[in-house]
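Heads up: the sequence lines are chains A and B, in that order. The opening position of the first sequence corresponds to residue 16 in the working numbering, with each subsequent residue numbered one higher. The opening position of the second sequence corresponds to residue 11 in the working numbering, with each subsequent residue numbered one higher.
Check each hint, because a few of them may be wrong.
[Stated by the list, open to error] Just the calculated beta-carbon pair ranges, DEER-fashion:
| hint | chain 1 | residue 1 | chain 2 | residue 2 | range |
| --- | --- | --- | --- | --- | --- |
| 1 | B | S578 | A | E110 | 39 to 49 angstroms |
| 2 | A | R40 | B | P554 | 55 to 65 angstroms |
| 3 | A | A31 | B | N149 | 25 to 35 angstroms |
| 4 | A | K81 | B | G434 | 48 to 58 angstroms |
| 5 | B | G434 | A | S32 | 48 to 58 angstroms |
None of these hints come from the bench; they were simulated from the model. In this text, a Cβ means the ideal position worked out from N, Cα and C, and glycines have one as well.
Given next are the chains, with one letter for each unit.
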Amino acid sequence: MHGRPRKASKPEDEAASTTKAQKLRALQTQFFSFHHSKIYTKEAVELSAKLLEINPESYTAWNYRKLAVEHYLSQPDCNPETVKSVLDDELRVVESALRQNFKSYGAWHHRKWVLSKGHSSVDLELRLLDKFQKADSRNFHAWNYRRFVAELMNRSEKDELKYTEDMIYTNFSNYSAWHNRSVLLSSLLEKKAEGFLSKENLLPEEYEFIHQAIFTDPDDQSGWFYHLWLLDQTVTTDHPLLVSTWPAHGSDVFLVGDRCQNGSFSPFTTVLSDSGSFPIVLYFNQPVKGVSSSTVIIECGFNKNEELLWEPLSVSNSQTAQVWVAHLKCPTSELDSSVEISVGYSKEIVSPRGSQYSHPSTFSFKVHVQPVERDSSRVSVAENILWREENFKVYRAQSEESIPIPSFDQLCIKNGHESTASNWRTEALAKEVECFRELLSLMDCKIGKLTLARLLMAYDVMSFPFANKLVHSEEVLELYNDLMKLDPTHHRYYKDEHSLVLLRKMTSSEESLLQHCFQYKDSVSSAIGNPICLRLNNLSLSRIRAFERLLWVQMLDLSHNELESIEGLEAMQLLYGLSLGNNKLRSLTALEPLRKLKSLRVLDISYNRIGDHSIDTTRYLCSSPLSHSVGSELNDVALINYWEAFYMFKDLNLNQLDIVGNTIADEKFKSVLVKIMPLLKRLDGELLD
Amino acid sequence: MEDIPPYPPIDPTTFDLIVIGTGLPESIIAAAASTASKSVLHLDPNPFYGSHFSSLPLADLPSFLSTHSTSPSPPRPRSSEGSNEFSVLDLSTRPLYSSIDISVFSPDLLDQNSRKFNLDVAGPRAFFCADKSIELILNTGANQYMEFKSIDATFVGDNKGNLLNVPDSRAAIFKDKSLGLMEKNQLMMFFKLVQGHMAGEQDVKISDEDLQSPFVDFLNKMGLPPKIKSFILYAIAMADYDQEDTGVCRDLLKTKDGIDQLALYNASIGRFQNASGALLYPIYGQGELSQAFCRRAAVKGCIYVLRMPVTELLVDKDSGCYKGVRLASGQDIFSQKLILDPTFKVTLPSGLSPPPPLQAKLPFFSQKDDRGRIARGICITMTSLKPDMSNFLVVYPPRSLFPEQATSIRLLQIASNLAVCPLGMFVLYISALCNDDDQGKKLIHAVMNTLLTVPPINSESNAAVQSETAESGCAVQDENAESSSTGPSDPGEGKPTLLWSALYNQELTLGQVDFICSTPMPDGKLNHDDLIDAAIKLFKKIYPEDEFFPQTSSENPEDDGDGDDDVSLET
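Please model the complete structure; the sequences and the hints are all you need to start from.
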């Protein structure tokens, strides 16, 4: 069935197919006339069977037969015997159609439909399936249908599991069989069936099983797929956990109205806030839903009655997100107050798989408000951040700031019991690491290297979950470097993974993170009062992540990398200034995460590739503003031509934008931008009126 | 021979070719010659097809063996002298089997069922699904007279009675429980190397230098562990002699040949949908093969006369050239060419001097080619050596049973589902190459003692009746007693009990081509390929102008296209 080269058709074959087509055409014409006049006589139905035998893909004919069956069954003289014979006929037609082409969707679907009517023997189905699955053991239609039948006849999942085993023993290059195994095991684990009580007992056996396949033939991908599933099962904790927050537990937040005003606060936790409100960010280990004022309880000296509105930070606008944000407003009357936030004391925070958030946690911090002076015009005009090398000074922590970066120690929110439960996971991973090191000692194997890299990362994360030590990161980076050379076809994937490991490594400790912290100071302004800028420039990053450690960042320099996407950046709610200059962003819609950043004022997207390609394919993923009432002050032509720009920038409150060096950024486009963003003060360094 | 029923005289009396004996090579030649439109007369003194390749009922096997183990009786008084034109040469038989040892432990059981047995005289034998024999069977249409069944597995045995599965395919390596992960990887990598090499992939080509080197050296070079090396050499490449001891190795396998064997094995697995393993066995026994070719020949006009001994050879008085044969019925039949079964030797009638031209030829023709001997054993049991499995091959690599074991011993268990024995019984065929009878016995006994319980012969009469050499029957017991005292486990525990056994030693006579031709005896290989090569060679020699089974596409007009590559396989 597989791996057979297609033969060029011979002249006689073509002649044969011509006669077949003629015959088919005649049949079809006749069939349609019956169909349209709703004739369900014996001859008419037989004709459709003939048609389907030649062409099982004829969906209309299948539907016609369904109508015909309904017609027969609705006859007044219909008795159980006739029902049975009518349905048996259908099964026969399907069977002969499947003999013709047993990858026919229509035929398999029709069979399901017939069975769903009841009356038919399901035992026969399994026998038929055995025959089909022997002929082509990897046919996914047959496997799909098998799941359907197994469920219909209440066949035990253990029996089905045994069947996958038999099929795998016959030929382990059978992705369908491995896949079905993963489906069955998931279900058995979920039900906690006897012998399948915990992953802890089951997964080591499955690892042992898959090793036989992988070691026997490392070139076969089906085994690796299953291994990847096992790895995922090992690493994923079922329950959602809170991994990071802003403000961090035990931190002091300073709200100031004007940066220049007072420089005595820590530049890490001083937040500019015109309105006296600041964001609270909850970062979970997986997407969750159900974060609301009833699941997250806030206690503070003020704001007792007002309910917080929790908003999911997801680009797709679904109600499920890994990061949630709410804005808390501090009255200027309360200069210093404590806030305590409790997450998950009611059971409504759940993962999409239905696992409940089950480790309730509490974190608290202090808020200090600096009264706002109503003279903000001076600030706005003077503001002009130039992302130049000379404007950044290495940050030296002042003595009183013992923990300048807050997001580290607070992560150990009630995790004691979780870590002991994870022992088997660490052990399993360590065993896997050893196993694949051995394989790689025998042979050079790309997928083996990739797996080892994944295992090592998972192991590091798992064995030091909160200390976040990455003992193997150098080795992993080396593996990805190797892979980029070995397997240029997948260069970009390895590059992405490399970037993510690099980011993880840089953010893994206070010390390494501090090496990338700079203080902005240009010739006009003083360093005092400016936030710390995290500079991750010139690292040839193609992707970014590790946002859970960067929630505090207000200025971020990602320039001179190879970013094509900034997915996930929406988590950085405090972001005030961002440079994405000299990257590989291809479209305005790639900037979508920025729409969620309400604090963003300064943006540099100069020297990217926006507009290089005339068609931005991702635009079709965004809802078109044309379909909504936009109440636009723009004329329609501009709107039609630049709606991505309108969509992206309309809700951003930018003061400063650099967009030079992109194909899209011509004079006309810039004039549109100015119209879209009335608050914009500087465009490409030029002061606007 | 006196009780031969009167035969009607054979008509015509002149043929292109006379073939005497219906063994495999003779039958193939008869079929090939008939296909090439030669008129062929095929004779056999036996009442059955197959001669030394036949499958016989239990009761007939001992008598067949003993007939061919004695020296010829002194020439009978000549019925008639040669005419003026011909000299007459005696055709006598020569002893081909020695040291025959039949032991009956359960006479009643077996007597009732004698006819239900089809015991291969030349066992153990099997086909590789992709070997030359199967190719020939398919090409000639002989497959329509035969049915096959797959041999379930191949094992390697050790002296403790363990049978280790031979991981001979991807699926088998995956499934194997005795190999470590690294070993699995190494073995599969080696298989892939061989596959790549056979497929002509440039980057995995095995160098010419390696191809000419001994296979065992190449395996060492590939870093394969001893266990895997042994699997490959003896259970897949089916090497006969100890490849690591050049002192005893008479047939050192070259890498090239080893790779060819592996490729054959590999091509055999999965060739036929119903055959799970690499090997096939014909239902009703190996004798079916000779018979199938005879049928093929008969369809093409070959005339068959069984139970017809040939007594004399007629040669031209002046030239010494072969002219014809004199049958036991007294009739003289003439032909251009003659093919003789290895049973026969040509002797001068006593007191007569041969015509001068023959004097030079005869000594050469009568010369026996000494290629050593092969020890064979047939055992019958009531239980399988391996529960849940009926038909399988076991290989005992050299030195696996005792230190002096220089050749590998093969054992093939065949069950009643292949119609070779009554329901519930199992036939074990054992063979090993040897230098002499004693060595041969030792090899066969070593396997029997490892795997079987040999009961004491309590009913003296029954055992003695058929046992030609009762002493060696006792020897079996003695050795068994010895091993049971030293062996770690209870000898009776789990081991099948022997019901009947036949041990014999066979000469490995090669075919000869001279003024008359003779065919080879069954060789020591597992399959028939070398014998087929010999038959082809003989055919080419006598009919250099004719094609050996020319491919005719119109041969089977009823073939439906996909059937051309099929043998009948029972599942």
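* **Unmet hints by their number, sorted upward, for this structure** => Those not satisfied come down to hint 1.
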